[in-house]
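Which chain is which? The protein sequence lines are S and P, in order.
One point on numbering: in our numbering, the residue at position 185 of the first sequence is 320, and numbering is uninterrupted.
One point on numbering: in our numbering, the residue at position 147 of the second sequence is 195, and numbering is uninterrupted.
In case anyone wonders, no lab produced these hints; they're calculated from the structure.
Glycine included, each C-beta is placed from N, C-alpha and C at the ideal position.
Hints may be right or wrong, so weigh each one.
Unchecked claim - Just a sample of chain S residues kept apart from chain P, beta carbon distances all over 10 Å, derived:
id : residue
1  : LEU161
2  : SER210
3  : ILE241
4  : PHE242
5  : ASP263
6  : SER296
7  : SER357
8  : LEU359
9  : THR363
10 : PRO418
As the list claims (entries may be wrong) - Pairs of lysine-lysine, DSSO-like flavour, derived with a Cα cap of 30 Å:
id : chain 1 : residue 1 : chain 2 : residue 2
11 : S       : LYS447    : P       : LYS116
12 : S       : LYS364    : P       : LYS120
13 : P       : LYS120    : S       : LYS447
14 : S       : LYS364    : P       : LYS226
15 : P       : LYS226    : P       : LYS181
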Amino acid sequence: MKGITKPSRLEDKVRSWWQTHLRCFLTSLGQLLRTPTTTLLTVTVIGIALALPAGLILVVNQLQTLTEGLNTTNSISLYFKKDISDDHVTAIRDKLEKDERVNHIIFISSDQALKEFRELSGQGDLIDLLDENPLPTTLHIVPTAEASPKQLDSLVRSIKSLKGIDQVVFDSGWARRLQSIITLLDRFVLVLSALLIFAVVLIIGTTIRIGIQSRLQEIQISRLFGATKAFIRRPFLYSGSLYGLIGGIIACVLLLTSWSLLSEPLHELVSSWQLSPSASSSPLFRVCLLVIVGGVLLGVISSWIAVAFYQKELETSEFI
Amino acid sequence: MIRFSEVTKLYPGQGEALKSLSLFIPAEQMVFVTGHSGAGKSTLLRLIALMETHTRGQILIDGINIQKIPEKHRFYLRRQIGFIFQDHRLLNDRTVFDNVALPLVIAGFDHREIPRRVHAALDKVGLLNKENKFPVTLSSGEQQRVGIARAVVNRPPILLADEPTGNLDPELSIEIMKLFEEFNRIGVTVVIATHEVELARSTGHRIIALKDGRLMTPDDASLQEHTL
Ligand SMILES: Nc1ncnc2c1ncn2[C@@H]1O[C@H](COP(=O)(O)OP(=O)(O)O)[C@@H](O)[C@H]1O
Ligand SMILES: [Mg+2]
Chain S
136 MKGITKPSRL
146 EDKVRSWWQT
156 HLRCFLTSLG
166 QLLRTPTTTL
176 LTVTVIGIAL
186 ALPAGLILVV
196 NQLQTLTEGL
206 NTTNSISLYF
216 KKDISDDHVT
226 AIRDKLEKDE
236 RVNHIIFISS
246 DQALKEFREL
256 SGQGDLIDLL
266 DENPLPTTLH
276 IVPTAEASPK
286 QLDSLVRSIK
296 SLKGIDQVVF
306 DSGWARRLQS
316 IITLLDRFVL
326 VLSALLIFAV
336 VLIIGTTIRI
346 GIQSRLQEIQ
356 ISRLFGATKA
366 FIRRPFLYSG
376 SLYGLIGGII
386 ACVLLLTSWS
396 LLSEPLHELV
406 SSWQLSPSAS
416 SSPLFRVCLL
426 VIVGGVLLGV
436 ISSWIAVAFY
446 QKELETSEFI
Chain P
49 MIRFSEVTKL
59 YPGQGEALKS
69 LSLFIPAEQM
79 VFVTGHSGAG
89 KSTLLRLIAL
99 METHTRGQIL
109 IDGINIQKIP
119 EKHRFYLRRQ
129 IGFIFQDHRL
139 LNDRTVFDNV
149 ALPLVIAGFD
159 HREIPRRVHA
169 ALDKVGLLNK
179 ENKFPVTLSS
189 GEQQRVGIAR
199 AVVNRPPILL
209 ADEPTGNLDP
219 ELSIEIMKLF
229 EEFNRIGVTV
239 VIATHEVELA
249 RSTGHRIIAL
259 KDGRLMTPDD
269 ASLQEHTL
């Protein structure tokens, strides 16, 4: 019967596509809910395995933003020799100010330094005893925040080669050490993340494999009645992505909980160090999104691998 | 149309289940494959259903050499074949309705079309009132009929049944045979493997008798094949 109400083929296809996927999704969800304890255990393990690297990434990220605040306190102090002329100092200052690694330069003449010292120390009488000003003319060079430790090193070296310099003090030892610790931490988190992601793939893959084994008859029957590989794969991809999704949500809950526990002491730390309160929660939400999306992707990938392994076997094996 | 040309199926370690078997089953025919246990009846059906691959020879279904079909296109031929197992092989975690609907779901039927077809198939086997039951709550005869409904719901041109009456009493067996005859009447090729020679003979349909993987008597239809 052909009538005007007959829907187009494309419409039919789209509808049947939706139906197929919705049915598959609901079936997979139903299967997870049928064994609640096992499912809960599995997704919790996945959640922890996802939360751990995500949390560490967050911590490292926060440390990095905090130490960015510290970088501005790094300055290079340049002490000139006694007999240097003001013109020479001005020339060097002008030259350094043009350097892209340099943010700004504070100039302190020897007279100014002495005046400040007199005021700060209150030892004016003692200073009067000296027949000449013992303090050198000084430049405090504040590098830009973007300048890397390596760039700063080369800046210090080039300054040391200038004429009339008595001493260059680059008080960056602890800041640089902190930086390298953070870099090390960063690498460590990277390696740990890779391992834990691999663990998640194994967990989901194994779970899916067990699921395949428990539904062997269904698979065989479906194959006999003409199911395509994609048809057989689909419910497992849905289960896999559901494991990833729920695991990701659990990871987010863990992250948000630990964050709310940590944020107050962190803020105290930040304000006690008089750093900019950069510990905002915006990276937290980004990481949460990443964990959920990543969880789903990992679920799809690992179940795909599990089914592919099995289907390879299926092709060469015979029906039960 | 199903044609076997000198088909041999070797099970490693078990010997040859079929030995250079040649036979021809024209389209829309109903035939019985008989023989003692171990004669190779199941093997014959499983080869047609693409559940296994033969070792030597050639199998043509509707003129297509099934060995030449790559694995990824085999699903299409499988949809043309309905298979009925002796042990039903129903999915016990699904209702009768869902069991019967499986081939339709696989073939991607519209969800409004599925109930109509499932009901028609269940009606045919007289189980319309059991659609929401689970297989384990049904009798063996009823489970067998659910298996039949599942095999025919997609209206395949070929129906294969492996010992479909193996567990049933004679009355039920005759009923099931009548059901197959009905399908055959509307043009379905039906191949039934059974060790119950008497039952097969009583229907008056063609019989292919197997013994140790060979034809017991030279089959007239397969002789005819060579003259075609
Ligand atoms: N999967 C299998 N693996 C090994 N040998 C098998 C397998 N299936 C059947 N056979 C052997 O093939 C022969 C024929 O078996 P089958 O086709 O099941 O006979 P029938 O169905 O007539 O009883 C038997 O000797 C049996 O042992
Ligand atoms: Mg058998």
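Point to revise | Outside-interface status for S:PRO418 - nearest CB in chain P farther than 10 Å | key: holds (45 Å)
Review point. For S:ASP263, is the shortest beta carbon distance to chain P beyond 10 Å?
Key: holds (99 Å)
Review point. Has the given pair, P:LYS120 with S:LYS447, been kept, meaning a C-alpha gap of at most 30 Å?
Key: holds (12 Å)
Point to revise | Non-interface label on S:LEU359, tested against every C-beta of chain P at 10 Å | key: violated (6 Å)
Check your understanding: Since S:LEU161 was said not to touch the interface, does its Cβ keep a gap of more than 10 Å from each Cβ of chain P?
Key -> holds (12 Å)
**Study point:** Check on S:SER296 being off the interface with chain P, judged by Cβ distance over 10 Å
**Key:** holds (71 Å)
Exercise for review: Decide, holds or violated, for the assertion that all CB atoms of chain P are farther than 10 Å from the CB of S:SER357.
Suggested key: The claim breaks: S:SER357 does not keep its Cβ more than 10 Å from every Cβ of chain P (closest is about 6 Å).
Point to revise | S:ILE241 and chain P, when compared Cβ to Cβ, separated by more than 10 Å | key: Nearest chain P Cβ is 74 Å from S:ILE241, so the label holds.
Review point. Does the claim that S:SER210 lies outside the interface with chain P hold up, using a Cβ gap greater than 10 Å?
Key: holds (69 Å)
Check your understanding: Checking the smallest CB distance to chain P, is S:THR363 really beyond 10 Å?
Key -> Contrary to the label, S:THR363 does not stay out of reach of chain P, its closest Cβ about 5 Å off (not over 10 Å).
Review point. Is S:LYS364 within 30 Å of P:LYS120, Cα to Cα?
Key: holds (8 Å)
Practice item. Take a quick look at S:PHE242 and tell me if its Cβ sits farther than 10 Å from every Cβ on chain P, holds or violated. Key: Holds: least Cβ distance 78 Å, greater than 10 Å.
In this structure, the earlier hints numbered 7, 8, 9, 14 are contradicted, and the remaining ones agree with it.
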